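Fit chain B with the ligands to the known structure of chain A by using the hints.
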Amino acid sequence: MSTVVHHADSPVGPAARAGRALATSPLTLTAVAWLVLVVLTSVFADQLAPFDPLTQNLTELLKPPSATHWLGTDSLGRDVLSRLMHGGDTLLWGAAEATAIAVALGLPAGLLSGYRGGIADAVISWLVDLTFAVPAFVVLVALAVIYPQNTAVMMAVLGVLGAGAATRLVRNSTRTVRDELFIDAARVSGLPLRTILFRHVLPTVVAPVIMLAATSMAICVIVLSSLSFLGLGGSPEAPSWGQMIYEASQNITVDSWLLVPPGAVLILTVIAFNLIANTVRDALPGGPTPRPVRHRRTVLAETAAQRPDADPQTLLGVHGLVVEFPSGPVVDGVTFAVRKGEILGLVGESGSGKTVTALAIPGLLPIDERITAGSVRFAGEELAGTTERRLSRVRGRGVAYIAQEPMAALDPCYTVGNQLRAALRHFGATRRAAAARTGDLLREVGISDPDRVMRCRPHQISGGIAQRVAIALALTGDPALLIADEPTTALDVTVQAAILDLFRNVVATGERALVLVSHDIGVVADVCDRVAVMYAGQIVEQGETDSVLGAPRHPYTRALLRSMPSLDTAGRLPVIPGSVPAPDAWPEGCRFAARCALATDACKKGPIPLMDVSGPSPRTTRCVRGHDLAPEPGR
Amino acid sequence: MTPTPEEVQPRTDAWLLEIDHLRVSYGRRRRTHTAVDDVTLNVGAGEAVGLVGESGSGKSTIGRAVLGLTASSSGRIRFEDTDITSVPAERRGALTADLQVVFQDPYGSLNPARTISQTLTEPLLTHRAMTAEQARARVQGLLDQVGLPADAANRYPAAFSGGQRQRIAIARALASNPKLVICDEPVSALDLSTQAQILNLLADLRADLGLAYLFIGHNLAVVRNLCDRVVVLYRGQVMETGPAAQVTGHPLHPYTAALVAAAPVADVAAQRERRLARVTVTEPLTVAHSGCPFAGRCPHVEDICRQQRPARVKVGESVVACHLFPSGKGDSHTSGSVDEKV
Ligand SMILES: Nc1ncnc2c1ncn2[C@@H]1O[C@H](COP(=O)(O)OP(=O)(O)OP(=O)(O)O)[C@@H](O)[C@H]1O
Ligand code: SF4
Ligand code: SF4
Ligand SMILES: [Mg+2]
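Protein chains in written order, with my numbering: chain A, -15 to 619; chain B, 851 to 1192.
The following block holds chain A by itself, in its conformation from the complex (with noise of 0.2 Å):
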């Protein structure tokens, strides 16, 4: 009965991810071909150099490159490009002995402090801070002074000196990880620490572990060619890559070539270990997502947009409303109307467009989602379409948005009645005038002492006042519409009605209306008038909500109130098989075919369209068979 959902970017892992995108980027593929080279060349010196590296050769001296020397001799008469190939050697050794004890010494150490936490953590932090504290560089020309030419020394303190970090990143992402379900629900398995650690942490940390990794080689290289430049690393007699900078630097007036060779595989190879770690840090999770890949321009249903709004009292008509992220449609042609003094809701299960059709309507959209067609008509005025700077005119005055957790529409920052005064302003309100609003909008949704709310920073309130003084902020503009995406869903039942009969006192003046999106049933039946019904990305049924509730017309509707458990029994549930299908796998036909108990061929040989099935009242729904359900009670 289940089928499969197929992401074709299914996120299988961190360390999986860092490696798909190591593989996929030509830059970071290149960086790692450098790499590479790098490395083989200073292996095979030996075999590959087409000279010795020590050799001098008087006669030859500071040549240009030539067919012989590829890059030419220096102030001695030595091959540049041999003394190139043997130079990255100890360099990259010490650079991999640092970065090894680092790692080394980080990993456990961040493991034991985030996992374990207490008193661990408080040590092994003091220490990071530690190493944080020492002055790495001086520390390491003074060793220098004390082990000349001693690079192993060297390396292997920096590489303590360097665990700090590790442990600090090890640390912070166990810590993530830590308070995961998946880890508690391993440990209720009885899982050994151990397993736990290995099979369920280790994974998430081997990720930024490398981008640490890849960072720290790009660091020590440029530390030790520093050091070499100084005069301070391996020994003089054997070619280094910083050396031969510092030797290029005393001929810089002779030939200033010679600074060339050594400079760039120098930086070529810092750049790529950074281009490396740039790209598995990307790869991370909150990593940048990649760009939206197409665009569409925005077609507007010609003929919505310039009918006159029929009747008076309409306050938003949304027509044929088609809202498009990168990957396709998610809303699909949807098309209501709201009246003044109205209250509409929009239900639906997660993924059939309800909250994308709310956010569209102010323009509230995110960045890569986008309306393609259709028409929202706002009091009379074109919202599809229009610039950023009328949006911005409509929004707070003429419609508002409430989302559905309270805390979200507060600043944490600055008491309840700063920022009511702060929005009373921002609409004209004079600095009196907005003192004196304050607390009757305090008051008018339901707050009884308004003085006290008023002095306290949202983190005082609890969620239901919270609630109240989000719908107060959404009033400071007086719009004539609310749009209120799951306003009550985080609440507690009790609170969630006081909050209803609050939106019933919002529009009941008769100069207000609300938009109401919500999952729950029952409380579109507490509190709406009409009721439009959403299912992969169209509504289906649409009507007064007694009649719609009472006696759905459309299957969907039917077994969803059908599949709803009661207050007064008990037992097995009338479900619907199945699941609801992603927008990449709407069928052609009706998309609620493959779930419905009377589907027939005609529902899958194309698009549904609405049928009118009014009775007393208006009604439509996307059933081809609409006529067929009997108005029974659908319960």
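Any given hint could turn out to be false.
[Unchecked claim] Per the computed footprint, the stretches of chain B lying under chain A, defined by three or more beta-carbons under 8 Å from a beta-carbon of chain A, are:
#	region
1	1047 to 1053
2	1093 to 1100
3	1107 to 1119
These aren't lab readings, by the way, just hints derived from the structure by calculation.
Here the structure is a predicted model, which is why all the values come from computation and not from measurement.
For each residue, glycine too, the CB sits at the ideal point set by N, CA and C.
This is chain B with the ligands only, laid out in the frame that chain A set:
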């Protein structure tokens, strides 16, 4: 006289899970917050007990304390006569097989980097001496049991919808043949049509396997649908306990009554009547720290409510903590102060 638990409950056999005067506090020293405050409740073998209450009332904390994921401050938790109060999940050994969990969030509860079969075999290979071959067969059996196709085993969680992931989470809980499954809002994140599928699945599994559930939820109708008994929680305290039909049909405690009255039904005429009949309880600005936790919102509040924490009193088959039901009053056969278990 104090009735013994045997008199209070129809189930006279031994309890599977006994929670006695459990208290869980978060935070340290002066900033402590008591999330679970003197909670006593039991679950019998094969019984489904619902735990309802508003957000933050401590439902999940009770479940986590039972699972050994959160430390208790005081009180006692016993599972099949073994005291597990201060034994964290990692040290429960073979007992973890009997006590499993399904979480609310179908996205966070599965490791995105592990295939379904890896997730499902994890508990199998930990405790049972099972060969990889046997484990594979068991995975197929589990997938079949929760209504997923066999080829789901080799996919990653990202390939599944919320409802399907919840089936996988249920399969993981079933893998070790548990006796009790803590269901922490397993359908709250799901769509209406998926919710019904999962509720039916849970009911079927219970009938087939004799599972017991501690079912945490905030939707009274959902809890009523699946559970034998319901425990109503408010601010970490138990307000009322009783048979599911009784609690939702004839609530005794004013908070339960408010919950039932406020739960909207999908019938416009019926909902209109319910709306007119209900007494609006306003949300309080401050929390009372003594007396009845509901006093700030209760339409029946009296002075004593603010001074004294009400005792738990047996009324018929239910137990209520409210001064409207004084321990001495009423039919002496059905009413009395309950001090022990409920
Ligand atoms: N890890 C924690 N640290 C501190 N406080 C916590 C922690 N977990 C929960 N709490 C607090 O304990 C109280 C009870 O929380 P709990 O999660 O048990 O409630 P709940 O009834 O499950 O709520 P919900 O319906 O939102 O899931 C809340 O006030 C919550 O803020
Ligand atoms: S059009 Fe056909 S498949 Fe679609 S809802 Fe109506 S009867 Fe069912
Ligand atoms: S004890 Fe008092 S305040 Fe609490 S529920 Fe009972 S009557 Fe209301
Ligand atoms: Mg919870």
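Going through the hints against the structure:
1. 1047 to 1053: holds (count 4)
2. 1093 to 1100: holds (count 4)
3. 1107 to 1119: holds (count 12)
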